[in-house]
Amino acid sequence: MAGYILRRLLQAIPVLLGTTFLIYFMVFAMPGDPIVALFGDKTPPPSVIESLRERYHLDQPFIVQYFIFLGNIFRGDLGVSFSGQPVSEILMATFPVTLRLAAMAVFFEMVAGITIGLVSGLRKGGIFDASALVVSLILISLPIFVLAFVMQWFFGIYLGWFRTTVGPGAPTQDLILPAIVLATISFAQIVRLTRASVIETGGQDFVRTAASKGLSRNRIVPVHILRNSLIPVVTYLAVDFGTLMVGATVTEGIFNVPGVGRTLYQAIIRGEGPTVVSFVTIMVLIYLVVNLLVDLLYAVLDPRIRYAK
Amino acid sequence: MKIKRIGVAAIALAAAGALALSGCTSGGADPSAPAGDATAVITTNGSEPQNPLIPTNTNEVGGGKILDAIFAGLVYYDAKGAAHNDVAESIETDDAQNYTITLKADQTFSDGSPVTANSFVDAWNYGADTANEQLSQYFFESIEGFSYDESVPELPGLEVVDDTTFTVALKQPESDFPLRLGYSAFYPLPEGALDDPAAFGENPVGNGPYMLDGEGAWKHNEKIDLVINPDYDGPRKAVNGGLSIIFYASQDAAYADLQGGNLDVLDAIPDSALETFEDEFADRSVTQAAAIFQSFTIPARLPHFSGEEGNLRRQAISLAINREEITDVIFAGTRTPAHDFTSPVIDGYSEEIPGSEVLEYNPDEAKKLWAEADAIAPWDGTFKIAYNADGGHQAWVDAVSNGLKNTLGIDASGDPYPTFAEARTKITDRTIQTAFRSGWQADYPALFNFLGPLYGTGAGSNDGDYSNPEVDTLLKEGLAETDIAAANEKFQAAQEILFQDLPVVPLWYSTVNGAWSELVNDVEFGWNSVPLYYQITKSE
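Protein chains in written order, with my numbering: chain F, 1 to 309; chain Y, 1 to 540.
Hint data in this document are derived by calculation from the structure and do not stem from the laboratory. Virtual Cβ for every residue (Gly too), placed ideally from N, Cα, C. Please note that the accuracy of each hint is not assured.
Stated by the list, open to error - Pairwise CB distance ranges (calculated):
#, chain 1, residue 1, chain 2, residue 2, range
1, Y, Arg430, F, Leu296, 13 to 23 Å
2, F, Gln11, Y, Gly241, 50 to 60 Å
3, Y, Lys405, F, Ser141, 55 to 65 Å
4, F, Val300, Y, Thr39, 55 to 65 Å
5, F, Tyr158, Y, Ala395, 23 to 33 Å
6, F, Arg55, Y, Glu489, 43 to 53 Å
7, Y, Asp328, F, Trp153, 25 to 35 Å
8, Y, Thr39, F, Leu159, 23 to 33 Å
9, F, Asn218, Y, Gly214, 52 to 62 Å
10, F, Tyr298, Y, Ala395, 28 to 38 Å
11, Y, Lys405, F, Ala196, 28 to 38 Å
12, F, Ser141, Y, Thr276, 24 to 34 Å
13, Y, Glu141, F, Ala29, 47 to 57 Å
14, Y, Thr276, F, Thr243, 30 to 40 Å
Given the sequences, and given the hints that come with them, work out the whole structure.
Structure representation (structure tokens):
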């Protein structure tokens, strides 16, 4: 087991190097000079442009910039944003917020998705199953910003139950609404996935055996059906958690969540190479770690899976 | 210029700006309104400052809005854009070139240190020194001894006489110099602030109506909390209990907060609400012209656009644009058709400058002039207008192109660049080979600011490389006049020539749209589109 984890961690190194290189290259290849854009429609004197370029190493060739960045990262220095704030500080401020948001969203979609999926699967073809299908199809087809604006208007402005946007400090109660919006997209997928899995597991021999042994339904459903149906769902949830950590840009923008997505978006717009690359590096790291955890979770859920050596 | 950048739209173009155009709504004093609570904190929208909060290094609205609240300059601007003394007791000159500036006595920063002549001179020297790479450095370029090429730690043009007096010598007469002094670049700094600019920029100490609510009041990417500065006793004394500026990444989120009662004052309405906000916030909204001029530039280096032929073609293009229709249909009235090269909010503005008929839609005249130009040299190719696709420009560029197509019978189209940065880079290094979108947001309320930096030979933002000695002379003469009215006459004469040459084709002026909650009163927007926060009252 330990050897397996070590091997996975070692594999992560080239992946990290590769992704940072790619991202750095893409930021570098973005057309236009971010320094010129700093001045808006005004044209700054050439000497000022030059010295600013020098300060951010923008006068160096791409590969030199990349190695300067890499070298700094190994010294724990992620660089400084245009506003003079250390990127590490921005990371420390924004990641916890997004982490909380993502955790809440995953919690909501897990509880609602698995419950409804389980009931649908157990009562295949019933009214509940049919209505769950209709609702999830509607939710799958809704673009997230439509949903976000509608929820914001209905719950935030019309009913006044929630704060319309996330207030300073991102208190947990303010994050409920955006978390529900985020959860809604994946919720439908989880319902479908759980349902299919439950139906499949329900038809397996060991379930029939359990039933014929005289086990109660209260024992069969959670222990024999649900546990064995969860493997694909858990994979999906973990991948989704990774996606939420990095991809909540639209929702974070609409609800003004001071998280990773919003900050990254602004950094891209401003062409702030160091901020963008550092953020993405951390995102890749999170994605790798989450995937590793999922693989380890398999073994817990399904004793047949063993990671030898 | 204060560059605003919220979301994708808005780059340098953001609706901002204000000052009462005749008949525009504006939240004047309402005698029946309950008296404001002197301790109530006003919440308003803003955006994360893009630079540390150092006056000479802030050139965008996010930081500018904060600096204007926590600093007081020599002068301040009222809602109409007129400059009045703030920290200055008097600003005197005989020749528009040498100024003697006297400060009011016993002024202090919020940390208790005195505001002296040195507070200004040291801050200006810092901002002007090329070695310090300050974004607003160009504001000091007219002071004697200024240089972009070498470091000048102390400008010879600035001299401290005593604690409350200093003199300024300019390179040439510039009568609008006193009008500039309300801009953030000219704010004073307390002693020692420049020993560690980064630390100061994080927790700035100013002399304005507000001050930071203790260390760390600036919560990055979230908000900044300002409280009353008890030491400020100038004309902008605040009548509310403080200011909480919340940073939004999108105007939609800010608007939702206003609707949901979490925000008191909003100075930018999102596109999605432009049609409805005036009904929803009846008597609590404003639509005013802004000090933002929009145009497109046709560089003289383009084939067919120089000399006699070029002038005819420029005139024809301008006459072929139906500005009224485009501002109505595409911008839902949030732009006002241009009548000159400046802005209606500026003192001296006129719609009657001879030659301005060229901005009226006149397809017959346009066809005639285009045919005359074709007689000189036949037209070939496509007329393209370059623009940045991330700024919401496509609709009007397409409309203008279609107008040119239909009226002049030529091939015309937009030429989008993905980002603002790319478009600006191509424009700045002169590799762009088409006409391009251009615009100007005033730094200070004066006609010259719309003309000198853009159309003077070799001027910093003369991106079309326009040059006309007559214009240069008139601008120079205008600057040498100590009387503002006489100066404005010269500037208007320069505009007459600009209407002949059309180095840029004027399109329209932006407007500012704002709205506020029921809790606040006396909301008025300044000439630069930022609400005058200090005079807002709030009941709780």
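(message) Given the hint of 52 to 62 Å, is the C-beta distance from Asn218 of chain F to Gly214 of chain Y inside that range or not?
(response) Roughly 58 Å apart at Cβ, these two residues keep to the hinted range, so it holds.
(request) Using the beta carbons of Tyr158 of chain F and Ala395 of chain Y, state whether their distance is inside 23 to 33 Å or not. (result) 31 Å, holds
(request) Indicate whether the distance between the beta carbons of Val300 of chain F and Thr39 of chain Y respects the range 55 to 65 Å. (result) 57 Å, holds
(message) Within 25 to 35 Å: is that where the Cβ-Cβ distance between Asp328 of chain Y and Trp153 of chain F falls?
(response) 28 Å, holds
(request) Starting from the range 28 to 38 Å, see whether the pair Tyr298 of chain F and Ala395 of chain Y falls in it by beta-carbon distance. (result) Given about 52 Å between the Cβ atoms, the range is violated.
(request) Evaluate the given range 24 to 34 Å for the C-beta pair formed by Ser141 of chain F and Thr276 of chain Y. (result) 27 Å, holds
(message) Given the hint of 30 to 40 Å, is the C-beta distance from Thr276 of chain Y to Thr243 of chain F inside that range or not?
(response) 35 Å, holds
(message) Can you tell me whether the CB distance of Lys405 of chain Y to Ser141 of chain F sits inside 55 to 65 Å?
(response) 39 Å Cβ-Cβ, so the 55 to 65 Å window is violated.
(request) Go ahead and decide if the range 28 to 38 Å is satisfied by the Cβ distance of Lys405 of chain Y to Ala196 of chain F. (result) Violated, since Lys405 of chain Y and Ala196 of chain F (Cβ atoms, about 56 Å apart) do not stay within the stated range.
(request) Hint says 50 to 60 Å; check whether the CB-CB distance for Gln11 of chain F and Gly241 of chain Y agrees. (result) 58 Å, holds
(message) Tell me if the beta carbons of Glu141 of chain Y and Ala29 of chain F are separated by a distance inside 47 to 57 Å.
(response) Check failed, 35 Å falls outside 47 to 57 Å.
(request) Starting from the range 23 to 33 Å, see whether the pair Thr39 of chain Y and Leu159 of chain F falls in it by beta-carbon distance. (result) Since the Cβ atoms of Thr39 of chain Y and Leu159 of chain F sit about 31 Å apart, the hinted range of 23 to 33 Å holds.
Hints 1, 3, 10, 11 and 13, counting from the list given before, are not met by this structure.
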